[in-house]
Amino acid sequence: MELVMPCVIGGVLLYGLVKKVQVFDVFTKGAKDGVRLLYTIAPTLIGLIVSVSMLKASGALTLLCEWLSPFCEKLGFPSELLPMSLLRPVSGGGSTALLNQVLRDYGPDSFLGRCASVIAGSTETTFYAITMYFGAVKIKKIRHTLVAALVADFVAAVVAVMTVRWLM
Amino acid sequence: MLSFIFTFMIVASIVCAMFTGKTEELSQSMMDGCADAVELLIMMSGMMCLWSGVMEVAKECRLTEKLAKLFSPVLSLIFPDIPKSSKAFELMSMNVSANLLGLGNAATPLGLQAMRELKRDSVSDVATDAMVNFVVMNTASIQLLPTTIATMRGALGSKSPFDIIFCVWISSVVALFMGLLVSKFLCIVGRIKWNL
Chain B
1 MELVMPCVIG
11 GVLLYGLVKK
21 VQVFDVFTKG
31 AKDGVRLLYT
41 IAPTLIGLIV
51 SVSMLKASGA
61 LTLLCEWLSP
71 FCEKLGFPSE
81 LLPMSLLRPV
91 SGGGSTALLN
101 QVLRDYGPDS
111 FLGRCASVIA
121 GSTETTFYAI
131 TMYFGAVKIK
141 KIRHTLVAAL
151 VADFVAAVVA
161 VMTVRWLM
Chain F
1 MLSFIFTFMI
11 VASIVCAMFT
21 GKTEELSQSM
31 MDGCADAVEL
41 LIMMSGMMCL
51 WSGVMEVAKE
61 CRLTEKLAKL
71 FSPVLSLIFP
81 DIPKSSKAFE
91 LMSMNVSANL
101 LGLGNAATPL
111 GLQAMRELKR
121 DSVSDVATDA
131 MVNFVVMNTA
141 SIQLLPTTIA
151 TMRGALGSKS
161 PFDIIFCVWI
171 SSVVALFMGL
181 LVSKFLCIVG
191 RIKWNL
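Here the protein sequences come in this chain order: B and F. Note that this note's numbering has the first sequence beginning at 1, numbered continuously upward. Note that this note's numbering has the second sequence beginning at 1, numbered continuously upward.
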């Protein structure tokens, strides 16, 4: 598993060289986009991480998890991950801030940390995507799009926990 | 939306801190949160740039086009009514493969163009089956390498940030499949209702 990262990078670069791409020039151009991306997400992330960290310190997050836990237990879903999963379709930045909190509280290699990462990796900001895609072509009646998309988000969260429990 | 969430989280934590008496922790957490956020951003920045650079090379090698060809049989199963040679189909498969490579910046414009092609020659404001299915695909995450999540895990001290990769694949494929299944099913239900 540790080799995934180096091998993908090496493979892509080698393939680029074979295809006569100016590998390093293109690489630096792309890396610049990485800086730009960080620059764009920084304000959002700072604002939301601060508010999540306040939520945690005030005890509100713990309280919320306790309220939600009877419902979660029936599904076999850890209640610590519910706030993040609920916010995921609505706000990408908000759920990233909650993911950051889970990873810090329990550790990235813990069961909860892994589950949270898998949930974040297998879902998207549903509402944002729907608004953007249909908004661009002025479609107002989206029929069952939202239902199907939210079913997918729900399934992703449940399956994420199952895979981490059984495969890792 | 974010204005509401942001304000709500902060007001809720102030109210809650008053009840639990954790006011000192609350004001401390504001400063800690800022520091955490900046720390995370700095820790992530190197890896983010590395991945963006490598993915740019992948894009330059036309890997997106190659992946698009590879996945077009799957796509024509999902969109049986869109001809394989059409512009819309080509754009949709390019969008899917850009998503697979994690090229969000490239995927979105391709996806929007695909939507415009799907909408062509129609003034209706009702989504077609193909549009619904295509948007459902874009609300699910299909990424071969979850680089952002892995970078974040690495920044926060994970020993093997990519070890979640198989779980991510399984859970996103199952989720996408279920989403499309529900969508297809509701399309058929809608059509039956229409005919009655």
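Some hints here could point you the wrong way.
[To be verified] With a straight-line cut-off of 20 Å between C-alpha atoms, the simulated SDA-like cross-links for lysine to any residue are:
hint: 1; chain 1: B; residue 1: Lys140; chain 2: F; residue 2: Lys159
hint: 2; chain 1: B; residue 1: Lys138; chain 2: F; residue 2: Thr148
hint: 3; chain 1: B; residue 1: Lys19; chain 2: F; residue 2: Asp129
hint: 4; chain 1: B; residue 1: Lys32; chain 2: F; residue 2: Gly104
hint: 5; chain 1: F; residue 1: Lys184; chain 2: F; residue 2: Lys159
hint: 6; chain 1: F; residue 1: Lys159; chain 2: B; residue 2: Thr40
hint: 7; chain 1: B; residue 1: Lys141; chain 2: F; residue 2: Val182
hint: 8; chain 1: B; residue 1: Lys32; chain 2: F; residue 2: Thr148
hint: 9; chain 1: F; residue 1: Lys159; chain 2: B; residue 2: Pro43
hint: 10; chain 1: F; residue 1: Lys159; chain 2: B; residue 2: Arg143
hint: 11; chain 1: B; residue 1: Lys32; chain 2: F; residue 2: Leu41
hint: 12; chain 1: B; residue 1: Lys74; chain 2: B; residue 2: Arg165
hint: 13; chain 1: B; residue 1: Lys140; chain 2: F; residue 2: Arg116
hint: 14; chain 1: B; residue 1: Lys20; chain 2: F; residue 2: Glu65
hint: 15; chain 1: F; residue 1: Lys119; chain 2: B; residue 2: Arg143
hint: 16; chain 1: B; residue 1: Lys138; chain 2: F; residue 2: Met44
hint: 17; chain 1: B; residue 1: Lys140; chain 2: F; residue 2: Gly190
hint: 18; chain 1: F; residue 1: Lys119; chain 2: B; residue 2: Ile142
hint: 19; chain 1: B; residue 1: Lys32; chain 2: F; residue 2: Met44
hint: 20; chain 1: F; residue 1: Lys184; chain 2: B; residue 2: Ile130
hint: 21; chain 1: B; residue 1: Lys19; chain 2: F; residue 2: Phe19
hint: 22; chain 1: B; residue 1: Lys141; chain 2: F; residue 2: Val123
hint: 23; chain 1: B; residue 1: Lys141; chain 2: F; residue 2: Lys69
hint: 24; chain 1: F; residue 1: Lys184; chain 2: B; residue 2: Arg165
hint: 25; chain 1: B; residue 1: Lys138; chain 2: F; residue 2: Glu65
hint: 26; chain 1: F; residue 1: Lys84; chain 2: F; residue 2: Asp129
hint: 27; chain 1: F; residue 1: Lys184; chain 2: B; residue 2: Arg143
No lab work stands behind these hints: they were computed from the structure. Remember, it's a predicted structure, so these values are computed and weren't measured experimentally.
Exercise. Taking only the CA atoms, is the gap from B/Lys20 to F/Glu65 under or equal to 20 Å?
Worked result: Holds. B/Lys20 to F/Glu65 sits at ~17 Å (cutoff 20 Å).
_Checking one constraint from the list: CA of F/Lys84 to CA of F/Asp129, max 20 Å. Satisfied?_
Since the Cα atoms of F/Lys84 and F/Asp129 sit roughly 17 Å apart, the hinted pair holds (cutoff 20 Å).
| query | Within 20 Å, alpha carbon to alpha carbon, are F/Lys184 and B/Arg165? | reply | violated, 30 Å
Review point. Holds or violated: F/Lys184 with B/Arg143, Cα cutoff 20 Å?
Key: holds, 12 Å
Hint consistency between B/Lys19 and F/Asp129 [alpha-carbon to alpha-carbon, up to 20 Å]:
violated, 39 Å
Check your understanding: Are the Cα atoms of F/Lys184 and F/Lys159 separated by 20 Å or less?
Key -> violated, 41 Å
Next item on the list: Measure nothing beyond the straight line between the CA atoms of B/Lys19 and F/Phe19; if it is 20 Å or shorter, mark the hint as holding.
Entry: At roughly 64 Å apart (the allowed maximum being 20 Å), F/Phe19 and B/Lys19 break the hint.
Quickly compare the C-alpha distance for F/Lys159 and B/Thr40 to 20 Å and report which way the hint goes. violated, 28 Å
- Given the proposed pairing of B/Lys74 with B/Arg165, does the C-alpha separation stay at or below 20 Å? holds, 16 Å
Within a Cα-Cα threshold of 20 Å, do B/Lys32 and F/Met44 meet the stated pairing? Distance ~14 Å between B/Lys32 and F/Met44 Cα, so the pair holds.
**OP:** Please work out if B/Lys140 and F/Gly190 have their alpha carbons no farther apart than 20 Å.
**Re:** Holds: B/Lys140 and F/Gly190 sit about 17 Å apart, inside 20 Å.
| task | Below or equal to 20 Å on CA atoms is what counts here, so check B/Lys32 against F/Gly104. | result | holds, 15 Å
Figure legend: structure checked against the earlier numbered hints; hints not met, in rising order: 1, 2, 3, 5, 6, 9, 10, 16, 21, 23, 24, 25.
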